[in-house]
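Mind docking chain B on chain A? Use the hints.
Going line by line, the protein sequences match chains A and B.
In terms of the numbering used here, the first sequence is residues 598 to 949.
In terms of the numbering used here, the second sequence is residues 598 to 949.
Hints were generated in silico from the structure; no laboratory data involved.
Any given hint might turn out to be false.
As the list makes no split between identical chains, a pair holds if one copy fits it or if it spans any two.
Stated by the list, open to error - In the SDA-like style, the derived pairs of lysine to any residue whose C-alpha atoms are separated by at most 25 Å in a straight line are:
(1) 792 with 846
(2) 849 with 877
(3) 676 with 788
(4) 861 with 932
(5) 852 with 864
(6) 792 with 933
(7) 684 with 789
(8) 778 with 939
(9) 643 with 616
(10) 676 with 798
(11) 856 with 884
(12) 792 with 722
(13) 643 with 658
Number of protein chains: 2
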Amino acid sequence: MSHAKPRQSIAVDAMGAENGTAEVVRAVQLALTEIPDLGQIVLVGKARLLTTLLRKVGLDKDQRITIFPATEVITMEDKPVEAMKRKKDASMLRAIELVRSGECGAMVSCGNTGALMAAGTVRLRQLPGVERPSLAPTMPSPEQHFVLLDAGANHSAKPIHLVHQAVLGSNYARVILGVKKPRVGLLSIGTEESKGNELILETNRLLKLCGGLINYHGPIEGFDVFSNEVDVIVTDGFTGNVVLKTCEGLFKTLKAYLKSEIMKNPVRVAGGLLSKGAFTDIKKRLDPDRYGGAPLLGLNGMVIKAHGSSNHTAIMNAIRTASLVLSHDLRTHSVNDIAEANRRIAEDAARE
Amino acid sequence: MSHAKPRQSIAVDAMGAENGTAEVVRAVQLALTEIPDLGQIVLVGKARLLTTLLRKVGLDKDQRITIFPATEVITMEDKPVEAMKRKKDASMLRAIELVRSGECGAMVSCGNTGALMAAGTVRLRQLPGVERPSLAPTMPSPEQHFVLLDAGANHSAKPIHLVHQAVLGSNYARVILGVKKPRVGLLSIGTEESKGNELILETNRLLKLCGGLINYHGPIEGFDVFSNEVDVIVTDGFTGNVVLKTCEGLFKTLKAYLKSEIMKNPVRVAGGLLSKGAFTDIKKRLDPDRYGGAPLLGLNGMVIKAHGSSNHTAIMNAIRTASLVLSHDLRTHSVNDIAEANRRIAEDAARE
Chain A
598 MSHAKPRQSI AVDAMGAENG TAEVVRAVQL ALTEIPDLGQ IVLVGKARLL
648 TTLLRKVGLD KDQRITIFPA TEVITMEDKP VEAMKRKKDA SMLRAIELVR
698 SGECGAMVSC GNTGALMAAG TVRLRQLPGV ERPSLAPTMP SPEQHFVLLD
748 AGANHSAKPI HLVHQAVLGS NYARVILGVK KPRVGLLSIG TEESKGNELI
798 LETNRLLKLC GGLINYHGPI EGFDVFSNEV DVIVTDGFTG NVVLKTCEGL
848 FKTLKAYLKS EIMKNPVRVA GGLLSKGAFT DIKKRLDPDR YGGAPLLGLN
898 GMVIKAHGSS NHTAIMNAIR TASLVLSHDL RTHSVNDIAE ANRRIAEDAA
948 RE
Chain B
598 MSHAKPRQSI AVDAMGAENG TAEVVRAVQL ALTEIPDLGQ IVLVGKARLL
648 TTLLRKVGLD KDQRITIFPA TEVITMEDKP VEAMKRKKDA SMLRAIELVR
698 SGECGAMVSC GNTGALMAAG TVRLRQLPGV ERPSLAPTMP SPEQHFVLLD
748 AGANHSAKPI HLVHQAVLGS NYARVILGVK KPRVGLLSIG TEESKGNELI
798 LETNRLLKLC GGLINYHGPI EGFDVFSNEV DVIVTDGFTG NVVLKTCEGL
848 FKTLKAYLKS EIMKNPVRVA GGLLSKGAFT DIKKRLDPDR YGGAPLLGLN
898 GMVIKAHGSS NHTAIMNAIR TASLVLSHDL RTHSVNDIAE ANRRIAEDAA
948 RE
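Bound-form chain A, shown alone (with noise of 0.2 Å):
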């Protein structure tokens, strides 16, 4: 176990995961062989249970990983900003406080998400020109993935906010789809210019003065989430948090649903294995656990959160969004771009 390399290390938080610490040593060992040019991994956590873990699957010697005490843990039941109080030597803000100080590069937790924002806000503050993070899951979708943000970091929001996140979501896009010139597209209840609320009306305005930053695309209504209109949805966290868990919901319903209606009869039985492919290829292609961590963006410094109950795949995942971000150097042009688009608000603002 070496010093961490400053700028490309990754933090991860060994605690704090429904799965336990195990399962996060897991998935530190399939990223050491899945993801090129991984940067050091410092896993926070308990010294010597890491180290027993570390030993059980030989990387214990590993140079390539690094431990770093913590004692405490928050769970799934504190309150975010109280734990941030009691709870000085949590796995979790050990993490935060690595990235704070420049000693690696990226964060991922799969701890409690309030304590992760609020820490993640108050110890590492925006990016500048940023008024405050918002939550970005990649979406699976049949024809081509998509980022949606603001997913629930935040319960309301301004047009400057949405702006932001279209700005920072499209670099984002960039970086985790591999899509050159994400199509962005601003949420609403139909695609007329003339539709939706106040919030909407404004946004709409504000994103068509940043042209050459983003490639707006315009409103979109439901019907297109999932019909590769475009790569980033932009909308509020209220909004975003519904369709998020009501999609999860309903796609987790009807495969049950359909499961069930085929097990009901011998014949159903065997047309359902003679098909199995079609549906293991479906399962892979919409695998949530594909995209397992999903970045605050807009902090000064990246945090990605997975599910509090990933296992090691969504875990090295979320480990591979960290490593990609950082390669790509998300922030330079994240902040380059925020401030262009601020410019150019301010610039809308003087004329008026």
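Chain B alone, transformed into the frame defined by chain A:
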């Protein structure tokens, strides 16, 4: 053709449907055999065309059908308010007029939604005690279908609007779902009462004052929408519209995707054929035509909006909805419950 019986009659806008007047006549033909205790049907549209179409299906002398002449049609491209002024003899406006005058108890239309909402609101006004109407489609779900409102009649909301929706939606769900005490959920970003924006927090507080009037289940999140937690989902028109359309889009996308995956090779195709019964049953259960119409709840007169592209089954089911609502005297129950809810909220406000 006889004179329409007051109050029990249903006006059907025979024009403005994408599939033409013939499809509406087919729907009426089906309604006469499918719907028990169906009242008089008043077909509103071009008299000569309707007479010809009715003659073709042997219904031109049927006592249960009346023709009410209207020479103009509001198209999907028409601007609502403008169309209302210019096309005085539009079938949609004539049908609404029949409800206003009391000659019909309800009206059904596949026409321009914006025009229907505008004309419905201007001509019928709101139910006593209600500030504005909301669109209330019934959403198909594997276990228990549910009513979602507002699905887009308005693009923002105040707490009192959501309380009215809860009361109106609850009374409507009793009729359309046949559930005695419909469970009412408030769509939020978590099930904890402390979560959500100001609108949610205050609405939650007010809904708790409505015990006895509604069976309030509390806040729900997106995961719960399709998991049979509640029978009525209350939300603002922006979120509701996005949820409705996103789910419809996701379902269509998944259906097409599954089909394309099964068609990929002969073995899968054979499997698909064997398990076809499962897909047919699912399609039947989740068929959106089953509830072909969504009422505009809160108007002082029953207006049922059917999809512009409705086929005769969907239009027939919209007529069935109108018939159910009339036979259960939804209006009286709703007016009484709204008055009581308003009384409790006023009392609460006076106390503070």
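Hint-by-hint comparison with the structure:
Proximity of residue 792 to residue 846 under the C-alpha cut-off of 25 Å is restricted to the inter-copy arrangement: shortest distance 19 Å between copies versus 28 Å within a copy. Proximity of residue 849 and residue 877 under a CA criterion of 25 Å is satisfied in both settings, with 15 Å inside one chain copy and 19 Å between copies. Taking CA atoms no more than 25 Å apart as the test, residue 676 paired with residue 788 passes between copies only; the shortest distance there is 15 Å, against 40 Å inside one copy. Taking the shortest Cα distances, residue 861 and residue 932 never come within 25 Å of each other, neither inside one copy (56 Å) nor across copies (45 Å).
In this assembly of identical chains, the alpha carbons of residue 852 and residue 864 lie at most 25 Å apart whether taken from the same copy (19 Å) or from different copies (21 Å). Proximity of residue 792 to residue 933 under the C-alpha cut-off of 25 Å is found in neither arrangement, the shortest distances being 32 Å within a copy and 34 Å between copies. Taking the shortest Cα distances, residue 684 and residue 789 sit within 25 Å of each other only across copies (23 Å), while inside one copy they are farther apart (50 Å). Taking the shortest alpha-carbon separations for residue 778 and residue 939, only the intra-copy value of 20 Å comes in at or below 25 Å, while the best inter-copy value is 52 Å.
Taking the closest pair of Cα atoms, residue 643 and residue 616 come within 25 Å of each other only inside a single copy of the chain (16 Å); across copies the shortest separation is 68 Å, beyond that limit. For a Cα distance limit of 25 Å, the shortest separation of residue 676 from residue 798 across copies, 19 Å, qualifies, whereas the shortest one inside one copy, 36 Å, does not. In the homo-oligomer, the alpha carbons of residue 856 and residue 884 lie at most 25 Å apart both inside one protomer (17 Å) and across protomers (18 Å), since each shortest distance falls under that limit. In this assembly of identical chains, the alpha carbons of residue 792 and residue 722 lie at most 25 Å apart only when taken from different copies (23 Å versus 35 Å within one copy).
When the C-alpha separation of residue 643 and residue 658 is checked against a cutoff of 25 Å, the pair qualifies only within one copy, where the shortest distance is 17 Å, while the shortest distance between copies is 86 Å.
Consistency with the previously given hints fails for numbers 4 and 6, ordered from lowest to highest.
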